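One line per chain: the protein sequences are W and L, in this order.
Counted from 1, the first sequence has number 1 at position 1 by our numbering; the numbering is strictly sequential.
Convert by adding 1000 to the 1-based position in the second sequence; the result is the number in our numbering.
Since the hints were derived computationally from the structure, they do not count as laboratory data.
From a predicted model like this one, the values you see are computed outputs, not experimental measurements.
Be aware that a few hints might be false.
Ranges of calculated distance between the beta carbons of each label pair, as one might list FRET restraints [said to hold, decoys possible]: (1) Tyr22/W / His1266/L: 35 to 41 Å; (2) Leu24/W / Arg1219/L: 53 to 59 Å; (3) Gly1051/L / Tyr22/W: 16 to 22 Å.
Backbone N, C-alpha and C fix where the C-beta goes; we use that ideal spot for every residue, glycine too.
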Amino acid sequence: MSVLSADARRDFEIHRYPALIYALVPVLAVVLQAWLPRVLGRFAWFDLPLVITVFFALSRRNPIQGSIMGGVLGIFEDALSGHPIGINGIAKTLVGYLAATIGILVNVENHAVRLIMTFVLSLVGSTTYFFVVRFLLGMSMDTNWMAELYKAIGNSVIALVLFPLLDRTKIRD
Amino acid sequence: MESFVVRYRNLLVLLALLVAQILGLAMQVRRVNGGQGDGQEVRLIRLWANGIVSPPEKILHNTGSGVSWIWNNYFDLRHARQENVELQKTIDRLRLEQAALLEDAKQGQRLQALLNFEQKYIYKTTLAEVIGTSGTEQSRVFTINKGKKDGIDRDMAVITPDGIVGKVRDVFGHTAQVLAINDQSSGAGVIMESTRIRGILRGNAQGRPEIVDVISDQRIKAGDKVLTAGGDQIFPRGLPVGVVEKVVNDPERDGFVDVILKSAAHLDQLDEVLVITATEPRFAPEQQQDIATSEALKGAEAQKQKTSEGMAEKLPGLMDPNLPADQQPLNDTSNPNPVSRPPVAIHPDRFTPANSAPPAATQDGGQAAPKKPETPKQANPAPQGDR
Chain W
1 MSVLSADARR DFEIHRYPAL IYALVPVLAV VLQAWLPRVL GRFAWFDLPL
51 VITVFFALSR RNPIQGSIMG GVLGIFEDAL SGHPIGINGI AKTLVGYLAA
101 TIGILVNVEN HAVRLIMTFV LSLVGSTTYF FVVRFLLGMS MDTNWMAELY
151 KAIGNSVIAL VLFPLLDRTK IRD
Chain L
1001 MESFVVRYRN LLVLLALLVA QILGLAMQVR RVNGGQGDGQ EVRLIRLWAN
1051 GIVSPPEKIL HNTGSGVSWI WNNYFDLRHA RQENVELQKT IDRLRLEQAA
1101 LLEDAKQGQR LQALLNFEQK YIYKTTLAEV IGTSGTEQSR VFTINKGKKD
1151 GIDRDMAVIT PDGIVGKVRD VFGHTAQVLA INDQSSGAGV IMESTRIRGI
1201 LRGNAQGRPE IVDVISDQRI KAGDKVLTAG GDQIFPRGLP VGVVEKVVND
1251 PERDGFVDVI LKSAAHLDQL DEVLVITATE PRFAPEQQQD IATSEALKGA
1301 EAQKQKTSEG MAEKLPGLMD PNLPADQQPL NDTSNPNPVS RPPVAIHPDR
1351 FTPANSAPPA ATQDGGQAAP KKPETPKQAN PAPQGDR
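Sequences are here, hints too, so could you generate the full structure?
Given below as structure tokens:
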């Protein structure tokens, strides 16, 4: 993982995508996240909205956009669950911000970097989620960390396949 | 000041977003704790999210259903005839059982009426298909394709023929969200069939339903059936919930255990569910009609069978199902239990005929033997009380 100087960071290309991709991909991620567990049952170890948040935050390298994207997708997920709205929103806002901030510092074109970042950010998202539930809301919710670990691995594998596919849709100068 | 804002713009936006969401959470939690449920704004957000996600979910669901319909109705009918025959046999057997149980059910109703206890029976159900889930492990919520326009309302019980599934949490126009019994925020009153121990059912972190806050009891064993207790005003009494899988000590309280269940309904693979849209304290007209039909068709047969079973328990069997026809006790001509004659008297007395005293060689050592009664010359008058 190569850490770059501030001057070199400016030289990085900021990826841009068609508006349709910005609109469709997040919605499709939420829809599939809601539908696939019905088919896969308890083996649905992934969080597609989180993967999409990480992808756009890394590509755009803009912490504000990353935070907003993460927040909106998280609130969407909360609205479909039975929990108060904002738990996933806070977790994914933080994930979007961190992904974009790290995206400025490191070369995110490398597949290994993407894999590790998605894995770590998934665990950060899960930790934030449970912090909000247990300590901010005081809800009595037990934690299954093995499932969260599986989910982080699943997210990394999906990112490895999905990121190159989405990269193909970027606008080239 | 301007340079500060520009310099820390990203961080300030992040903080603003986080603070806004935390404030929103605080307001929601206050409303929920106050028993007011979701606020108007929250309901609106849920409605929008549902409105965006449900149509594509329905399309995906219908596409999948179409493919499986074609498969099921054209390619997978090879054993249908044989299955029909077996199902018909099952229906006949169930009719017999139903008729036999009818009297017990009626008696139960009479006793309940005497005790002034009204049990709710399922009156009307609506079939719904599961089209989506919440998408997160932490929230066991799923979406069904029936909503307010189909008569679905909040807190209605959702079941399958195998057992209970959950309750309706939120209702929209054409869809509804159901909170499954294995969610950590769910709750249902249950009772163990054999021990009659009651408890509250909820989900654990692994998505397994468990009965919490149960006082440690040696009688609770794996395999015990668990039913709904009927006290929660949502689930009718006596519906199957699952079986006890294991009993673990409550990590937070000594002397208490958590009873982990294997749910009767397949909560991970739900396709179709029934929403109980109405309950009544008596059997529904359809159920009464079914019972009447069953009674008319097979009632006499069931009664005959019940009677014969009762007689078989009380009388020695002349037909042994384990023996071939030629060895049945009914065909046995040898007499294993000949009628024994009363032993003769050792010493003749005035009640014994004079020539009936046996020779000494045949006597059995003076063992007491019942005396052969002789008709008295003058019968004693019967006591007054016997008349």
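- prompt: Leu24/W and Arg1219/L, beta-carbon distance inside 53 to 59 Å?
  reply: holds, 58 Å
message: Tell me if the beta carbons of Gly1051/L and Tyr22/W are separated by a distance inside 16 to 22 Å.
response: Cβ of Gly1051/L to Cβ of Tyr22/W: about 20 Å, so the range 16 to 22 Å holds.
task: Just tell me: holds or violated, for the beta carbon distance of Tyr22/W and His1266/L against 35 to 41 Å?
output: holds, 39 Å
In this structure, every one of the numbered hints holds.
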